[in-house]
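Each protein sequence line maps, in turn, to chains U and B.
Using the working numbering, you'd call the opening residue of the first sequence number 1 and step up by one each time.
Using the working numbering, you'd call the opening residue of the second sequence number 1001 and step up by one each time.
Bear in mind the hints are in silico, worked out from the structure with no lab data behind them.
All residues carry an ideal CB built from backbone N, CA and C; glycine is no exception.
Simulated restraints, written as ranges between beta carbons of each label pair:
no., chain 1, residue 1, chain 2, residue 2, range
1, B, 1149, U, 38, 16 to 26 Å
2, U, 240, B, 1298, 49 to 59 Å
3, B, 1080, U, 234, 20 to 30 Å
4, B, 1216, U, 23, 20 to 30 Å
5, U, 265, B, 1059, 51 to 61 Å
6, B, 1268, U, 42, 38 to 48 Å
7, U, 36, B, 1059, 55 to 65 Å
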Amino acid sequence: MTAARRAAFLPTVALLAGALYCLLPIVWVVTAATKTNGELFRTFTLAPGTALFDNLADLSQYQSGIYWQWILNTALYAGAGALLSTAVSGISGYTLAKYRFPGRGVVFNVLLAGVLVPAVVLAIPQYLLLAGLHLTDTYWSVLLPSILSPYGIYLARIYAAAAVPDSLVEAARTDGAGDLRIFRSVAVPSMLPGLVTVFLFQFVAIWNNFLLPYIMLTSDDKFPVTVGLYTMLKQGNTTPVLYTLVVTGALLSIAPLVLLFLTLQRYWRVDLLSGAVKG
Amino acid sequence: MRQRSRRTAPISVPYAFLCPAIVLFALFMVVPIGYTVYLSLRRVKVNGLGLGAAARIEYWAGFANYRQVFADGEFWHSALRVLIYGCLLVPAMLGLALLFALLLDLPRARARRFSRVAIFMPYAVPAVIASLMWGFMYLPSVGPGQYLLTAAGHRPIDLLGPTSIYFSVANIALWGGTGFNMVVLFTALRAVPSELYEAARIDGATEWQIAWRIKIPMLTPALIMTFVFSLIATLQVFSEPTTLRPLTNSLPSNWTPLMKIYQDAFARDDIHMAAAASVVLAAATLVLSFGFLRLVQRRAFGAES
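Kindly generate the complete structure, drawing on both the sequences and the hints.
Dropping the structure here:
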């Protein structure tokens, strides 16, 4: 028993060290958000400060509440973007998995090759093209390029192949259901867990994408929270008071995401990613 | 037979269903890629004082922009920095991800569920926010290590200096990426049939031997995939150094190739040079990832024959 316990000791310590390292910035941001600007640079890092509510109030008042606008914008970009992306990925993946038609292999391979295209070759011309359409600095300029996800299509195809039974599709067809109706009432319910996974991955991808909104947007009332906090941090050089607001803003912005992440644990199906579900 | 044909969908249906994806793919991938290549082969000549509509003339430049990119010391410098950064980051990240994945797979280790969730969690934090938090923690007197050093009478370590900045930027990406790769590898491990280990255990193999001889070889495809994706992400690093810039003087605005491309396109307004540099960077990414895949493939086949 003691030998077994000793054997468990090192691996457990290593895992806990990794967990501690990953939690450290989170713990830091929680405590730092409670500090005044003076406390931030003077008191011990992990000691709580006295100014959490002042910071929250100041952040809410900063440029007449623009922070909350950024949060709303982020929710719109990531939420609506991921929803549209999931819809497109879902129907494309289902079609590629369940229909036989000329050109199927070509379409799939070409779409999949999109995974390897570095975002950098796309960002500047996307900006120029959208500028030509007078769409830069609008919500569309961030939403539209985020909808197509080669990765999402790939995941949805694997999932559709594994989760939508052919017999059910056949039965619905015999009953005279149209193809769109079959997709809505047979395929979508069977694919739902997989579609939640696609949604989550795409949500995080859009929320994490800094370059696209950074290039596309110039008016600060359209910024997502990442670009907004970045511009605040830049001004911190001349107005150090902003530092505490940036820290408080960082805490508020990751809180919902961390909660979403913890509550939807079971949908982070990474096995889909490595193609472990055989189609 | 007749019933069967009535039951199959009209031939147009799959194309109609794929229409949104194909249109988006054309608009936001094919057209931009083509447009970048087109732009990279052109240049703008400014006549006279550069005033008036006719003063800026675009003309065909052949490969002149590419020659300029390759002759540009700054571009090579930024490429070198990314090489150093990548050599620090990728082995550390994949090494730790592999270690944690193997530890999570050890039945005797404790706190496995908690550790898995905690180590995966940074994946949910955007790179900008991660850089912002770490950036503050790097400042003397703000981070916990720095604070303790100062309190003990030592001088704080300059984590944002010209050399240490490589480690500091790599650390942010390490924090953000280890968990994700760990979960990919761990999931691949769970897919290995457990009879393989049980046979080895009966033969008296230690957990170390099982990890080296069975688990790591079984993980090779997953390791290759995570390596290629890490490589692609590394070559395009942008958010972390850009966010850290306001906190230090050690990061010039062209620290990485992508930062330089952004600078060329939007600060210097030289879209054609930026386009050429984008094509070079994208080509380098593709050559490196395909080259690596070919190399691994040939080795695998060589071992078999």
